[in-house]
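Construct all of the structure, not just a fragment, from the sequences and the given hints.
If you read the protein sequences in the order shown, they are chains A and B. Going by the UniProt record's numbering, the first residue of the first sequence is number 1, and it counts up by one from there. Going by the UniProt record's numbering, the first residue of the second sequence is number 1, and it counts up by one from there.
Think of the hints as simulated: they come from the structure by calculation, not from any bench. Be a bit skeptical, because a hint or two may be false.
With the Cβ distance kept under 7 Å, some of the chain A side facing chain B (calculated, not the full set) [said to hold, decoys possible]:
| # | residue |
| --- | --- |
| 1 | 45 |
| 2 | 75 |
| 3 | 79 |
| 4 | 104 |
Restricting the straight-line Cα-Cα distance to at most 25 Å, the calculated cross-link-like pairs of lysine to aspartate or glutamate (DMTMM-like) are [said to hold, decoys possible]:
| # | chain 1 | residue 1 | chain 2 | residue 2 |
| --- | --- | --- | --- | --- |
| 5 | B | 150 | A | 82 |
| 6 | A | 39 | B | 24 |
| 7 | A | 39 | A | 97 |
Only a predicted model underlies this, so the values are computations on that prediction, with no experimental measurement involved. We put the CB at the ideal spot given by N, CA and C, even for glycine.
There are 2 protein chains.
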Amino acid sequence: MACGEFSLIARYFDRVRTSRLDVETGIGDDCALLNIPEKQTLAISTDTLVCGRHFLADINPADLAYKALAVNVSDLAAMGADPAWLTLALTLPNVDEAWLEAFSDALFDQLNYYDMQLIGGDTTAGPLSMTLAIHGYVPVGRALKRSGAKPGDWIYVTGTPGDSAAGLAILQDRLTVSDAADAAYLVKRHLRPTPRILHGQALRDRANSAIDLSDGLISDLGHILKASGVGARVDLDAFPLSEQLRRHVEPEQALRWALSGGEDYELCFTVPELNRGTLDIALNNLGAPFTCIGQILPESEGLQFTRNGAPVTLDWKGYDHFA
Amino acid sequence: MACGEFSLIARYFDRVRTSRLDVETGIGDDCALLNIPEKQTLAISTDTLVCGRHFLADINPADLAYKALAVNVSDLAAMGADPAWLTLALTLPNVDEAWLEAFSDALFDQLNYYDMQLIGGDTTAGPLSMTLAIHGYVPVGRALKRSGAKPGDWIYVTGTPGDSAAGLAILQDRLTVSDAADAAYLVKRHLRPTPRILHGQALRDRANSAIDLSDGLISDLGHILKASGVGARVDLDAFPLSEQLRRHVEPEQALRWALSGGEDYELCFTVPELNRGTLDIALNNLGAPFTCIGQILPESEGLQFTRNGAPVTLDWKGYDHFA
Numbered sequence: 001m002a003c004g005e006f007s008l009i010a011r012y013f014d015r016v017r018t019s020r021l022d023v024e025t026g027i028g029d030d031c032a033l034l035n036i037p038e039k040q041t042l043a044i045s046t047d048t049l050v051c052g053r054h055f056l057a058d059i060n061p062a063d064l065a066y067k068a069l070a071v072n073v074s075d076l077a078a079m080g081a082d083p084a085w086l087t088l089a090l091t092l093p094n095v096d097e098a099w100l101e102a103f104s105d106a107l108f109d110q111l112n113y114y115d116m117q118l119i120g121g122d123t124t125a126g127p128l129s130m131t132l133a134i135h136g137y138v139p140v141g142r143a144l145k146r147s148g149a150k151p152g153d154w155i156y157v158t159g160t161p162g163d164s165a166a167g168l169a170i171l172q173d174r175l176t177v178s179d180a181a182d183a184a185y186l187v188k189r190h191l192r193p194t195p196r197i198l199h200g201q202a203l204r205d206r207a208n209s210a211i212d213l214s215d216g217l218i219s220d221l222g223h224i225l226k227a228s229g230v231g232a233r234v235d236l237d238a239f240p241l242s243e244q245l246r247r248h249v250e251p252e253q254a255l256r257w258a259l260s261g262g263e264d265y266e267l268c269f270t271v272p273e274l275n276r277g278t279l280d281i282a283l284n285n286l287g288a289p290f291t292c293i294g295q296i297l298p299e300s301e302g303l304q305f306t307r308n309g310a311p312v313t314l315d316w317k318g319y320d321h322f323a
Numbered sequence: 001m002a003c004g005e006f007s008l009i010a011r012y013f014d015r016v017r018t019s020r021l022d023v024e025t026g027i028g029d030d031c032a033l034l035n036i037p038e039k040q041t042l043a044i045s046t047d048t049l050v051c052g053r054h055f056l057a058d059i060n061p062a063d064l065a066y067k068a069l070a071v072n073v074s075d076l077a078a079m080g081a082d083p084a085w086l087t088l089a090l091t092l093p094n095v096d097e098a099w100l101e102a103f104s105d106a107l108f109d110q111l112n113y114y115d116m117q118l119i120g121g122d123t124t125a126g127p128l129s130m131t132l133a134i135h136g137y138v139p140v141g142r143a144l145k146r147s148g149a150k151p152g153d154w155i156y157v158t159g160t161p162g163d164s165a166a167g168l169a170i171l172q173d174r175l176t177v178s179d180a181a182d183a184a185y186l187v188k189r190h191l192r193p194t195p196r197i198l199h200g201q202a203l204r205d206r207a208n209s210a211i212d213l214s215d216g217l218i219s220d221l222g223h224i225l226k227a228s229g230v231g232a233r234v235d236l237d238a239f240p241l242s243e244q245l246r247r248h249v250e251p252e253q254a255l256r257w258a259l260s261g262g263e264d265y266e267l268c269f270t271v272p273e274l275n276r277g278t279l280d281i282a283l284n285n286l287g288a289p290f291t292c293i294g295q296i297l298p299e300s301e302g303l304q305f306t307r308n309g310a311p312v313t314l315d316w317k318g319y320d321h322f323a
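Following this line, the structure appears as structure tokens:
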């Protein structure tokens, strides 16, 4: 194929559907040039997806583009930020034009949806992988950090964690779901998770801390506990499981996936008692459910789980890429 | 090896030698949070380095860290920007602690040298590669773009391009240099190129356009010509070649490397006649030589080369990653 690097970039990625006023120079110079509005803090997050580790080799390129962006947008959601720009570093084993067209079409659809602009990146030859860096704004001093949780805060999650792990199990033939609609729902939760951008923004000034669930609740809530120097009690009976998950998966396995399956990209956040009323009002019209699953404790209490009001021991761990 | 991802990141990359005032939150939350000073435009550049393509598998990790950062800093230099922050997405086949220690030590030495801070990134398992995104500032409206060259501008390069390609040839046993000091010089120009940050900053308000020489002069000057809608005449006799290169390489091969070898990370820039005087004063005390190699022409003239005052034809191309 005689399609060189420069024409490759130009053809598939140098199209601007969304032209943001804060982008002075996008793709095509040594650097992108961006003018940040006053009184806004820049939020940046970077994620790498490696073929065979973070996605299956035969994944539909449109699903891959969707998920690659959603995973990064989810990090902005967890800070309460507005999405703004993307850089994409794409490493490809060869130039497959059909793949590139499907991938870039889906990517630009999603960028357009979030009013984001692709401002640069790199295209290299090598084993299939990609690194996305996402940039957004949050008003100065109002970002949701992991470090703000305080004893007494109520712990919430959005959505129904565990669905993504069940969807992956279906894709890998480890789970059979006879009902086609339920199977489709679970697979979609894995392939097309919903970044909770509006929830994150509504949590500014209301939540004391937030994180997105990429590695599973045990691991991700653990990050909040460590950063905040607190402990927590999680009530397993309160944990929100989807009907689709409960219909096809044994209760213990469903809970295991919900707590340690990962890749749900729901938000986990902590809210002081005083803000619970305005929280209900602010989140109620945003579609996804949000559920109180426990409470922040002093650090000396560690991470505890209860079932039927009694303490239980869990030995499940979060996902560790090198474990 | 029982070293998990989180402890890996914490151990080698979560050390702050340079703590910048503009970094509100660095590594350790869902996003980094950055506060940009007023009247500064943010400049961002992204580069991916793949093992076997952009560096040799047995490269010294300290050299790799140096070059990975230098290549990115060079993009800031080409815009006239000040370096500020780095994100590093590192994909590793396994956890090699000696490698990580040497790599991260060298990286932090360089970050410290440029007063830069590592603000985030990702660590994943997979074939060895890395994507660096570098962020810097340039005063509003004063960035050096590729698109500003005008007919009549004089074309300059810093340093002595071609040395890097000769150094690579030595490393790959394609070139034998008997003099040890000369060989070491050329290899060092390949492994440890010098980003021309101070030159770039001195060119603000003086140069009409600039680019860094990553793919070779023919390719990179070509980007200026295309972006500016102009042509150019390059005088091959004026092209600056190092003594070390000229002592050990045939004149034709030396020129070929200088024009199309790539990876020199010198600057190529264009300056209107009116600014040549202040240019000499501004650049003279910065160490590296700078040489006028030709002049910008109207677009209809294309890219021309002359030798002894007469036109010559070259069929060398810039480096193309998929060619």
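- Kindly indicate which numbered hints from before are broken by the structure, ordering the numbers from low to high. 4, 5 and 7
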